[in-house]
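If you're matching them up, the sequences are chains A and B in order. Counting from 1, one number per residue, gives the positions in the first sequence under our numbering. Counting from 1, one number per residue, gives the positions in the second sequence under our numbering.
Since the hints were made in silico from the structure, they are not lab data. Among these hints, one or two may not hold up.
One copy or two, it doesn't matter: identical chains are merged, so the pair holds either way.
[What the hints assert, rightly or not] Subject to a maximum C-alpha distance of 25 Å in a straight line, what follows is the list of computed SDA-like cross-link-like pairs (lysine to any residue): (1) K373 to N403; (2) K72 to V111; (3) K72 to D340; (4) K4 to R263; (5) K373 to E400; (6) K4 to K373; (7) K135 to R99; (8) K72 to P251.
All figures in this text were calculated on a predicted structure; none of them were measured in a lab.
Number of protein chains: 2
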Amino acid sequence: MSLKRSPLAPEVFPTMQPVAGCNLAAGASAVRYTGRDDLALLAFAEGTTVGGVFTRSRVPGHPVTWCRRIIKGGQARGLVVNSGNANVLNGQHGDAAVRMEVTAAARLLEVPQDQIFVASTGVIGEPLPAERIAKTLPDLYAYLAPDGWQAAAEAILTTDTFAKGSFTTTTIGGSEVKIAGIAKGSGMIQPDMATMLAFIVTDAALPAPILQSLVEAANEEAFRKITVDSDTSTSDMLLVFATGQAVHPAPMDADSGLLSAFRHALLDVARDLAQQIVRDGEGISKFIQISVEGAVSDESARIIALSVANSPLVKTAIAGEDANWGRIAAAIGKADQQIDVSRLGIGIGNWIVAQNGARVPNLDETPINEHLKGREIDIVISVGPGPGSATVWTSDLTHEYININADYRS
Amino acid sequence: MSLKRSPLAPEVFPTMQPVAGCNLAAGASAVRYTGRDDLALLAFAEGTTVGGVFTRSRVPGHPVTWCRRIIKGGQARGLVVNSGNANVLNGQHGDAAVRMEVTAAARLLEVPQDQIFVASTGVIGEPLPAERIAKTLPDLYAYLAPDGWQAAAEAILTTDTFAKGSFTTTTIGGSEVKIAGIAKGSGMIQPDMATMLAFIVTDAALPAPILQSLVEAANEEAFRKITVDSDTSTSDMLLVFATGQAVHPAPMDADSGLLSAFRHALLDVARDLAQQIVRDGEGISKFIQISVEGAVSDESARIIALSVANSPLVKTAIAGEDANWGRIAAAIGKADQQIDVSRLGIGIGNWIVAQNGARVPNLDETPINEHLKGREIDIVISVGPGPGSATVWTSDLTHEYININADYRS
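Let the hints inform the model, and build the full structure from the sequences given.
Structure follows, in structure tokens:
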């Protein structure tokens, strides 16, 4: 089944330059889908370092378990990503399937097996036909090239309605470095699972420990600030590879002033990919930004903002273009964070609807309802005098979400 | 707007006997609704004790704040409940409105103001026209009678599709005591809020401290085990009144053997009301029971069960009558509780779909899909060898939920 492109999708796939030390290829292995690419191979130059973060699910996929183990080595030479089957809850067969993919890729690339990363997305609990992947990898190997970003971005999609890519250049100590990323998002058509996969490649030269802390910092401000329906996947994964092909002064640590521009650029790419994932949230009709200020801490502000972002009552109200601030207030209250109700303030668009814990007198909802008719909804919340703030992004909850997730078989 | 009666509603309102020491009346004060009762008054005999639990929301309604304060006294002579306006986030006006209700009721009943409990449910952030309530209370006072349970149950409804009542008799030390309860549930039509109100009255003679611990225990096993859409209300409230009119031996404490039958009977009434609330969940087409066993503790099992119960992916899959056990597994994983994936088992109806962390070989989904076509869905989950278990109840997520919560204005 094919879905119509999200109304919040970008016009076109961005122009992405090659990143020295990274070659890509995509192809069709027919793991589950037919008539489309479902397999991507990325090959990295010797000396490529890697950092990553993985799903917090207590039921992680077999590829996640493998990647968690080998990432300790900090070195990466290859990445294999398939769509259509997530290889989750498959017992020993699941581990054997990962091993088969790793063995095939390592042999082709002539690199150690523990430097081959694997990611899978798609149906859960069905054995992954890894032999199809192993059989297809040689074709991809033959076509490895530096300019395969869009093809790779398309191959890893499940039920996403558009391919997600982001590219930027920045400098380290005056030398230009590139950052390129692709991602797939929260397509959750039965029986697929919501899975967020993001892979970023830079030609910067960064020791693994430094890269790891940069990745964790970017993740905090990007992927941990988005939600579509609060459902964490078994397979969520963010991997960042640094090929070391760029020539620049070596930073001593992640906080080095040398990396200030790079840190911002990496966050820009991560946030761009994260927001594209929300913009492809199932059945989305509105892109919602929720900012919370005055909380006791940034993390407390994030919890409050996500409580609002995940409230079905808030999401349906916005889908209904209804300035129902009472539901926002209730969602703030249920977050169980320390707030000062007497200072509670809520704004929608540029209009304050509640202030000092009560509705603004003689509130005119007309301009607010106008704002809610748009595609981009802005909610600002003040919960007290504290220093904590956070901004999160989410989608609304529509009939199309139900159609996609419940009615597919009917 | 009126909604069609929930397909999971009981056939009829139960037969409820009078409870000595409790008189009731209902009437119309036109707080918001017209052409229907929206106000209930309960008057209790001198010496009536009270126990209660309230919403954990950090944005509690003004009535909740009042009740929390006076319940410390443990004595109750009256209860005033209105529907149509929740009296939440109304600043000083909100407190003044509560005071106006309390003053009017205390004067009529000739009792202390700090023994008058107040509950409100309905729209948030709109000043409560308490003068209409004060003006109507004398009419209700004139009609106070022991047999007004159904009228009271109907007056407190907001967007519920049926009145909720439960009645039973039990014994304390050989003497019969009665337990009667009414509740209103999770109607959440814009701009109303989801609010759970439950009021239970018994003629047992129980000191307030004993009653309070009995109430907390019943709440743990009843109202804390249900969810419709995870949205906690600003006004949720459970109050239990004991009029002391029954003659029976005095228990020394809540754990007294004298109370073993009473504890079970109180839990039966509380659970009956809680399940009726779920059966009236907005847009419900299936009543879902989720049992978790093998967790490290009962509370851990409850968290896992609620994670599954609140997963939009699980709720939509069940609405779609789809045996999508992968979504159940993912929801178990995101609960972030200690589990043993190698022992993970999932059953739907009487059929095991996953065992020892993997799908059952050659799983035949036919009988499972048959079970899912029914109104009552049963999910059993085993997460390890631990002693913890819990059972929760929820509804599915349907188009009708979106209709009710988003499309009302259109």
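Now for the hints, and whether the structure bears them out:
1. K373 to N403: Intra 22 Å, inter 18 Å, cutoff 25 Å: intra and inter.
2. K72 to V111: Classified as within; 17 Å inside a copy, 71 Å across copies.
3. K72 to D340: between (44 Å within a copy, 24 Å between copies)
4. K4 to R263: Neither way: K4 and R263 sit 35 Å apart in one copy and 56 Å across, limit 25 Å.
5. K373 to E400: both (17 Å within a copy, 22 Å between copies)
6. K4 to K373: within (21 Å within a copy, 29 Å between copies)
7. K135 to R99: within (14 Å within a copy, 77 Å between copies)
8. K72 to P251: within (21 Å within a copy, 62 Å between copies)
In this structure, the one hint that does not hold is number 4.
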